[in-house]
Amino acid sequence: MNSRRIFLRRAGLSGLALSLPLSQTLAAMESQKDDKILRVAIMGLGSYGSRVAEAMVNSKRAKLVGLVSGTPSKVETWKQKYGIPDKNCYNYENFDQIKNNPDIDAVYVITPNSLHKPYSIRVAKAGKHVICEKPMALNAAEGREMVAACKTAGVHLLVGYRMHFEAKTMEVVRQQRAGEFGKTLFFQGLSGFIIGDPTQWRLNYELAGGGSMMDIGIYSINGARYMLGEEPIWVTAQEVKTDPVKFKEGVDETITFQMGFPSGAVASCLSTYALNNLDKFYLNGTKGFAEMQPSTGYGPIKAWTNKGPIEAEHVTHQTTQMDEMAAIILDGKKPMIPVDGEEGLKDLVIVDAIYEAMKTGKKIKLA
50 MNSRRIFLRR AGLSGLALSL PLSQTLAAME SQKDDKILRV AIMGLGSYGS
100 RVAEAMVNSK RAKLVGLVSG TPSKVETWKQ KYGIPDKNCY NYENFDQIKN
150 NPDIDAVYVI TPNSLHKPYS IRVAKAGKHV ICEKPMALNA AEGREMVAAC
200 KTAGVHLLVG YRMHFEAKTM EVVRQQRAGE FGKTLFFQGL SGFIIGDPTQ
250 WRLNYELAGG GSMMDIGIYS INGARYMLGE EPIWVTAQEV KTDPVKFKEG
300 VDETITFQMG FPSGAVASCL STYALNNLDK FYLNGTKGFA EMQPSTGYGP
350 IKAWTNKGPI EAEHVTHQTT QMDEMAAIIL DGKKPMIPVD GEEGLKDLVI
400 VDAIYEAMKT GKKIKLA
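According to the numbering used here, the sequence shown is numbered sequentially starting from 50.
These are computed hints drawn from the structure, not numbers from a lab.
Quick reminder that beta carbons are idealized off the backbone N, C-alpha and C, glycines included.
Treat each hint with caution, since some may be false.
[To be verified] Between beta-carbon pairs, the in silico distance windows are: (1) Glu220 / Pro134: 36 to 42 Å; (2) Thr126 / Glu229: 47 to 53 Å; (3) Tyr254 / Lys383: 36 to 42 Å.
[To be verified] In silico DSSO-like pairs for lysine-lysine, Cα to Cα no more than 27 Å straight-line: (4) Lys297 / Lys408; (5) Lys148 / Lys136; (6) Lys351 / Lys336; (7) Lys351 / Lys109; (8) Lys109 / Lys148; (9) Lys232 / Lys351; (10) Lys395 / Lys382; (11) Lys408 / Lys290; (12) Lys200 / Lys112; (13) Lys395 / Lys232.
Make a model of the complete structure from these sequences and hints.
Shown next as structure tokens:
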């Protein structure tokens, strides 16, 4: 049946090509390409998984079709809410069987950090594309394993960098790359909030791999790289811990860190679980500046430059993210700011260096 459908589609397009001008034929081909839908299963039905699922309701190119969870009650609720068939529902023990399910193209891994690597590799071995929430892994060594596994399996590895598709963020990056701020010399990234429940997994070293840096701090690391348009060559870092009961050994409360870049630009950043109202990016150059506050929250983002405010319609970030990731996987689209495994690995190399600098007090050179 599938082969017959493909034949008829191709035959119809061929006939169309004979009867229409080239421009209209190409437009028809483009429209047909955009009709392809990325069929996604979500692994991990927690609060952020819920946010992604809700966002996909309005997605034009991605559809939620499968679930992976260790909590049967959540599966039942989600099945009813999103119309997911039983055959597309899995738990953590049997989800390797997803390889035999042709109705699922990709799995979005939204689990605690320590589970990103093992589950992403299992997804890749099942022949499904991997979308993994950030940080991609606990460290660069794990990240390299994930990249290698996905390459071996011939599947995409994408990381949930939703800000890489956000309209105002992209406009600031466009202006920086066009030289509208002159030579950019300084970036400031402030990322933090007061974390709540002390028993949550984000404050469990075994599950999180750290503290604020492995959650909110990744935004300032990543933001410095795409806002300055270069890769850092050194990093220094300092830790402040005011509550050693809540923030146990290995779980950082607040880290300030600095990065140096080949052009001479520097970044000064803060990652914390102890202060609210910290969601700000500031970029300064020889001809102008850009400022964003909030810069990475769920929105709307506010951004302005020395020339005035940046205006753009607010669209739910995860909706845009899933549409764009569908285009990357299905159409081979190249995003302005990468979201692939190599991009995730670059951040993990810096995270490793920040923790080393924090512990040793040394300036860590980056290869």
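- Does the structure keep Lys232 and Lys351 at a Cα separation of 27 Å or less? Given that 27 Å is the threshold and the Cα spacing comes to 23 Å, the pair holds.
- Message: For Lys408 and Lys290, compute the direct alpha-carbon distance and say whether it is at most 27 Å.
- Response: Answer holds: Lys408 to Lys290 is near 13 Å, not above 27 Å.
- Query: Can the restraint linking Lys297 and Lys408 be considered satisfied, given a maximum Cα separation of 27 Å?
  - Reply: At roughly 15 Å apart (the allowed maximum being 27 Å), Lys408 and Lys297 satisfy the hint.
- Message: Run the distance test for Lys395 versus Lys232: straight-line Cα separation, threshold 27 Å.
- Response: holds, 23 Å
- Decide if the proposed pair is consistent with the structure: Lys351 and Lys336, CA atoms, cutoff 27 Å inclusive. holds, 21 Å
- Query: Taken at face value, is the distance from the CA of Lys148 to the CA of Lys109 at most 27 Å?
  - Reply: Holds - the C-alpha atoms of Lys148 and Lys109 are around 25 Å apart, at most 27 Å.
- Item | Proposed proximity, Lys382 with Lys395 (alpha carbon, max 27 Å) | With a Cα-Cα distance of about 21 Å, the restraint between Lys395 and Lys382 holds, given a limit of 27 Å.
- Whether the CB-CB distance between Tyr254 and Lys383 falls inside 36 to 42 Å: With Cβ atoms ~37 Å apart, the hint holds.
- Query: Does the structure keep Lys351 and Lys109 at a Cα separation of 27 Å or less?
  - Reply: holds, 25 Å
- Given pair status - Lys112, Lys200, alpha carbons within 27 Å: holds, 25 Å
- Query: Straight-line Cα separation of Lys148 and Lys136 no greater than 27 Å?
  - Reply: At roughly 12 Å apart (the allowed maximum being 27 Å), Lys136 and Lys148 satisfy the hint.
- Task: For the range 36 to 42 Å, tell me whether the beta carbons of Glu220 and Pro134 fit it or not.
- Result: holds, 41 Å
Checked against the numbered hints above, the structure violates none of them.
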